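With the sequences and hints as input, model every part of the structure.
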Amino acid sequence: MADDKAGAKDVEFDLSGTEKAAILLLSLGKESAEGILKHLNPREVQRLGNAMSDLDKIGHDKVQFVMTDFIETLSQDALGVDPGEYAQSLMSDALGGGGGGYSMDASMLADQVRGLEALKWMHPSAIANMLRNEHPQVVAIILSYFDAETAAEVLRGIPERFQAEVIYRVASLSTIQPRALFDLNEVLENASRDGEGGKLASIGGVKRAAEMLNLVGGGLDTKILEKISEDNSDMATSIQDKMFVFDDIIGLEDRGMQTLVADIPQDVLLLALKGAEKDLKEKILNNMSKRQADIMRDDLEAGGPVKLSEVEESQRKVVQIVRRLADEGKLMLPGSGEEFV
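Numbering (our numbering), first residue to last: 312 to 652.
It is possible that part of the hints are untrue.
As the list claims (entries may be wrong) - Between beta-carbon pairs, the in silico distance windows are:
id: 1; residue 1: Glu-345; residue 2: Asp-590; range: 35 to 41 angstroms
id: 2; residue 1: Asp-638; residue 2: Ser-436; range: 25 to 31 angstroms
id: 3; residue 1: Glu-345; residue 2: Glu-624; range: 48 to 54 angstroms
id: 4; residue 1: Glu-345; residue 2: Arg-566; range: 53 to 59 angstroms
id: 5; residue 1: Pro-470; residue 2: Ala-344; range: 31 to 37 angstroms
id: 6; residue 1: Asp-638; residue 2: His-446; range: 44 to 50 angstroms
id: 7; residue 1: Ser-327; residue 2: Asp-590; range: 16 to 22 angstroms
What the hints assert, rightly or not - With a straight-line Cα cutoff of 25 angstroms, these simulated BS3-like cross-link-like pairs (lysine-lysine) come out:
id: 8; residue 1: Lys-641; residue 2: Lys-534
id: 9; residue 1: Lys-538; residue 2: Lys-518
id: 10; residue 1: Lys-553; residue 2: Lys-628
Source of the hints: derived by calculation from the structure; they are not laboratory data.
Given the structure is predicted, the values throughout are model-derived calculations rather than measurements.
Every residue, glycine too, gets a C-beta built ideally from N, C-alpha and C.
Put into structure tokens, the structure is as follows:
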């Protein structure tokens, strides 16, 4: 009997820390596994998920090896330490997070991935599918919670008949009562969690709606604005006034254009210029050095046809760079009414 136990203990498997963590989680009950996962950051959870998917059929001996190793480590080193905290620490170390890269505030370990926060872990298409039957006001609040790029991707995925109303509601938002945000969060997570304080939360607004429309692409921005204009032309105008599209770059002053050109990767600029109007193309080229402009002209002439979607994507990247430089105070957007000094 003793020999059998010794033999089982002597079985060794060449497993990485991530693989051991994946096997351990698969061996635990759903509730226990979730209790550990909620303490890890998104990248760590993704690594664990990939490891679980890649594992072949797990034999009893392999599970026993991992569990024995875990229990022995726990019994040797965890004396005087809270078991839950120690288990989470071991899991983080197994994933390579112990020495750096990610640090978690202990006060934030509980209830990290819930409700609205949990949506950040999901792919935009999955979020869109989840929201497709929700009230436009709910969708508007949720989109206002995301960065503009993610919100634009989700917007593209919801039914077309709701898109204009959602953007209209985003533009109409300014603040939301903390209780309303809590109720929305509670619906999403199907559990309760008290909010803090009574200060109104600032979300949405015309600028937020414009940022989303700047990134939806495919002419969807124009369609949405047209639909909004049918019901509220003033709102549509307000949103449009806040928008900045690729063609608007022609209004940049030469100094701003030179700053922009220096910041755009050459491959992105080349694709963006493929679909640019002649006047805009010339203004950009005229704000490059003669050598750079000659090379760019040669590349434009020599290059073959490219997909319209690739051109639009590059132009969206240029617009994002313009907005970033404007936010950093390195250039002024056309019509801002300000000048460099």
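We went through each hint and held it up to the structure:
1. Glu-345 - Asp-590: 35 to 41 angstroms: 58 angstroms, violated
2. Asp-638 - Ser-436: 25 to 31 angstroms: Roughly 28 angstroms apart at Cβ, these two residues keep to the hinted range, so it holds.
3. Glu-345 - Glu-624: 48 to 54 angstroms: With a Cβ separation near 37 angstroms, Glu-345 and Glu-624 fall outside 48 to 54 angstroms, so the hint is violated.
4. Glu-345 - Arg-566: 53 to 59 angstroms: For Arg-566 against Glu-345, whose Cβ atoms are near 55 angstroms apart, the range 53 to 59 angstroms holds.
5. Pro-470 - Ala-344: 31 to 37 angstroms: 35 angstroms, holds
6. Asp-638 - His-446: 44 to 50 angstroms: 33 angstroms, violated
7. Ser-327 - Asp-590: 16 to 22 angstroms: 57 angstroms, violated
8. Lys-641 - Lys-534: Violated: Lys-641 and Lys-534 sit about 32 angstroms apart, past 25 angstroms.
9. Lys-538 - Lys-518: This hinted pair holds, its Cα atoms lying about 18 angstroms apart.
10. Lys-553 - Lys-628: 18 angstroms, holds
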